[in-house]
Amino acid sequence: MPEQRESRLAGFRTLLYKEVLRFWKVGFQTVAAPVLNALLFLLIFSHVLDRHVTVYGDIAYTGFLVPGLVMMSLLQNAFANSSSSLIQSKITGNIVFVLLPPLSWGEFYAAYVIASVARGLFVGAGVLLVALPFVELGFAHPLWILAFALLGSAILGSLGVIAGIWADKFDQLAGFQNFLILPLTMLSGVFYSIHSLPPVWQQVSHANPFFFMIDGFRYGFFGQSDVSPWLSLAVVGVSFVLLAALTLAMLARGYKLRA
Amino acid sequence: MSLPAIRVRGVTKRYGALQALAGVDLEVHQGEFFGLLGPNGAGKTTLISALAGLVRPDGGTLEVMGHDVVGDYRNARRVLGVVPQELVFDPFFNVREMLRIQSGYFGLRHNDDWIDEILASLDLTAKADVNMRALSGGMKRRVLVAQALVHRPPVIVLDEPTAGVDVELRQGLWQFVRKLNRDGHTIVLTTHYLEEAETLCGRIAMLKAGRVVALDTTANLLERFATHTLQARLANPQAGVALGGRADEDGWVAFAFDSYADVEPLLARLREAGAGLQEMQLGEPDLEHVFVEVMQRA
Chain Y
1 MPEQRESRLA
11 GFRTLLYKEV
21 LRFWKVGFQT
31 VAAPVLNALL
41 FLLIFSHVLD
51 RHVTVYGDIA
61 YTGFLVPGLV
71 MMSLLQNAFA
81 NSSSSLIQSK
91 ITGNIVFVLL
101 PPLSWGEFYA
111 AYVIASVARG
121 LFVGAGVLLV
131 ALPFVELGFA
141 HPLWILAFAL
151 LGSAILGSLG
161 VIAGIWADKF
171 DQLAGFQNFL
181 ILPLTMLSGV
191 FYSIHSLPPV
201 WQQVSHANPF
211 FFMIDGFRYG
221 FFGQSDVSPW
231 LSLAVVGVSF
241 VLLAALTLAM
251 LARGYKLRA
Chain H
1 MSLPAIRVRG
11 VTKRYGALQA
21 LAGVDLEVHQ
31 GEFFGLLGPN
41 GAGKTTLISA
51 LAGLVRPDGG
61 TLEVMGHDVV
71 GDYRNARRVL
81 GVVPQELVFD
91 PFFNVREMLR
101 IQSGYFGLRH
111 NDDWIDEILA
121 SLDLTAKADV
131 NMRALSGGMK
141 RRVLVAQALV
151 HRPPVIVLDE
161 PTAGVDVELR
171 QGLWQFVRKL
181 NRDGHTIVLT
191 THYLEEAETL
201 CGRIAMLKAG
211 RVVALDTTAN
221 LLERFATHTL
231 QARLANPQAG
241 VALGGRADED
251 GWVAFAFDSY
261 ADVEPLLARL
271 REAGAGLQEM
281 QLGEPDLEHV
291 FVEVMQRA
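Heads up: the sequence lines are chains Y and H, in that order. Heads up: the first sequence runs through residues 1 to 259, numbered per UniProt numbering. Heads up: the second sequence runs through residues 1 to 298, numbered per UniProt numbering.
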């Protein structure tokens, strides 16, 4: 029935709106702070290394660094959005407001992940905008940029849903963030090309899906990358599908939400 | 006979070694003011949570207005409003935002007229634009009631809504809930304040260790289980105790009896025993006595 479909969509839209409003209301902390953080990275690294390092032959280090910083900020904030919202709601008990209405687990998942994508894109765009005055950046393949930004933030948004549901306290969530998300991001080639690594570490980097997110994203700017963008797209796409399936299965079972 | 507002059939739920619900069966009729009573850990909140879809039962079925809470959860949740026991709130939003968001979850996008009506009924109009964090505990409790009502559910469950609430708010809340009941809403109430349940509820179920151990109208329960009491201050309390009374530290002795016809013979026996009656008062049967009696027998 059209009326019922409309009403279903209204439930999903409201949860999405609420999740976006939640981070927007504290935008200084959720958007402005990570942008400033990335800007500081950029200023310091470019001051130290720009004249000494070039990548892919003739690209200045600062130019190489910017897409990595944009993607790193985007990924970390997409994760932070869904995970912090869920753990806060669980610990304060107000998760019940979302569990009592007639929302399906699919709507629940989509709303949290799309809100995470929105925050990731806001922060990523913010970092890019403040970085542009400092670097000359090409936009060789904008669609690749967009595809990796969307898929990367959706993956991290899904991981955030998993972590937010799994963690019973902030300490566990911090562990997930500091011992999994942060190392995988920092070791993914944000600050370097993996071709500068010894062969063994190049192989190890290929086991890190975050590497493919950043490498594919960087291809969108320079038209050059460490591995083929199609390979990156395949790895990132499959990772998203697997994580989405895992998250949906957890939600469908009511894992830790509907005891 | 019309469809029951709530139908619970053979519901079981276990948490590890704890059998929270051990085969609960009950029906709540449309338009009833129904009480769900029991000591802590009896399974009241688990049963309500199962009804609301917050807990998945291991066995049995639950329906709200004929809608299965698992198989037809969308419709079951549309007809149910739940006021949770915990004083929970979302610190990011003000009262009106919270109510608009809650309406939206139920598919209602233009609900401001009804929201204004609820705010006025719960004396929250002046607080509509105040952030949830800035509200007192009593105000937060009212917002929880308002949130449960945004989608005009025909069945409303209140899980210990007056726990830790001052007298004025409690009375205001009951006035409002009674009006909802008069308007045709089915009300299910859990409370530890038995005098509230006695005054408000037409029918009561008592739970112990996950089982329904009594289910009847309040009047029938009072008649079946409760006894009258005669409290007597005696010059010689020991004489009263010898006649089956229970003495307290202040020299009062309590005698239980079934009907007023028993009073005169009791007084005669006290006189013969030389108890020295100084003062006396009669106590009506109340739900507290019923509750204690039922729990001891179960």
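Treat the hints as calculated values from the structure; they're not laboratory data. Hints should not be assumed to be uniformly reliable.
Result set (DMTMM-like, lysine to aspartate or glutamate): computed pairs, CA atoms no more than 20 Å apart in a straight line [as the list claims (entries may be wrong)]:
| # | chain 1 | residue 1 | chain 2 | residue 2 |
| --- | --- | --- | --- | --- |
| 1 | H | K127 | H | D166 |
| 2 | H | K127 | H | E117 |
| 3 | Y | K25 | H | D129 |
| 4 | Y | K90 | H | E86 |
| 5 | H | K179 | H | E117 |
| 6 | H | K208 | H | E198 |
| 7 | H | K179 | H | E196 |
| 8 | Y | K25 | H | E97 |
| 9 | Y | K169 | H | E86 |
| 10 | H | K140 | H | D129 |
| 11 | Y | K256 | H | E86 |
| 12 | Y | K256 | H | D58 |
| 13 | Y | K256 | Y | E136 |
From a predicted model like this one, the values you see are computed outputs, not experimental measurements.
We went through each hint and held it up to the structure:
Of the supplied pair hints, the one linking K127 of chain H and D166 of chain H holds, its CA atoms being roughly 19 Å apart against a limit of 20 Å. With a C-alpha separation of about 14 Å, the suggested pair K127 of chain H and E117 of chain H falls inside the 20 Å cut-off, and the hint holds. Pair hint K25 of chain Y plus D129 of chain H holds up; C-alpha atoms about 15 Å apart against a cutoff of 20 Å. Restraint check for K90 of chain Y and E86 of chain H: the C-alpha separation of about 13 Å stays at or below 20 Å, so the hint holds.
A hinted pair counts as satisfied when its Cα atoms are at most 20 Å apart, and K179 of chain H with E117 of chain H qualifies at roughly 14 Å. A threshold of 20 Å between alpha carbons decides the hint, and for K208 of chain H with E198 of chain H the separation of about 18 Å falls inside it, so the pair holds. A threshold of 20 Å between alpha carbons decides the hint, and for K179 of chain H with E196 of chain H the separation of about 16 Å falls inside it, so the pair holds. Between K25 of chain Y and E97 of chain H the alpha-carbon distance is near 12 Å, which keeps this suggested pair within the 20 Å criterion.
With a C-alpha separation of about 18 Å, the suggested pairing of K169 of chain Y with E86 of chain H holds against the 20 Å cut-off. Between the alpha carbons of K140 of chain H and D129 of chain H the distance comes to roughly 13 Å, so the proposed pair stays at or under 20 Å and holds. Taken as a hint, the K256 of chain Y and E86 of chain H pair is honoured in the structure, with Cα atoms around 18 Å apart against an allowance of 20 Å. For the hint linking K256 of chain Y to D58 of chain H, the alpha-carbon distance of about 15 Å falls within 20 Å, and the restraint holds.
The suggested pairing of K256 of chain Y with E136 of chain Y is violated, with an alpha-carbon distance near 48 Å, which exceeds 20 Å.
The structure is inconsistent with hint 13 alone, although it conforms to all the rest.
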